[in-house]
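Numbering-wise, the sequence shown is residues 1 to 79 according to my numbering.
In case anyone wonders, no lab produced these hints; they're calculated from the structure. A few of these clues could be false.
[Stated by the list, open to error] With a straight-line Cα cutoff of 25 angstroms, these simulated DMTMM-like cross-link-like pairs (lysine to aspartate or glutamate) come out:
1) K29 - E52
2) K29 - E49
3) K29 - E17
If you're wondering where the values come from, they're calculated on a predicted model, not measured in any experiment.
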Amino acid sequence: MAKTSPTPAPIAPASYEAALEELETLVAKLESGQLPLDQLLTGYQRGAELLEFCRSRLQAVENQIKVLEGSELKPWNQE
């Protein structure tokens with residue numbers, strides 16, 4: 001039986017901006033059509049991870065600064 005090396009844990013981006021920059025670079029590579037199939041799959045998976053990271057950061061920031069009141073978003077005043 002062939003041994004497979006464990007897949008390394010994904011490296012979390014240092015910031016939202018770093019994740020967005022990596023995601024944009026990755027999308028450009030994927031759209032170029034120049035990557036081999038295995039790299040396409042790996043790139044797609046990394047892109048999904050980066051997208052989830054960005055979405056969660058945006059949601060966290062929104063939750064910190066706004067409170068939903070009815071249908072209107074208002075600044076959150078922590079008292």
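Verification of the hints:
1. K29 - E52: 19 angstroms, holds
2. K29 - E49: Answer holds: K29 to E49 is near 16 angstroms, not above 25 angstroms.
3. K29 - E17: 19 angstroms, holds
Checked against the numbered hints listed earlier, the structure breaks none of them; every hint is satisfied.
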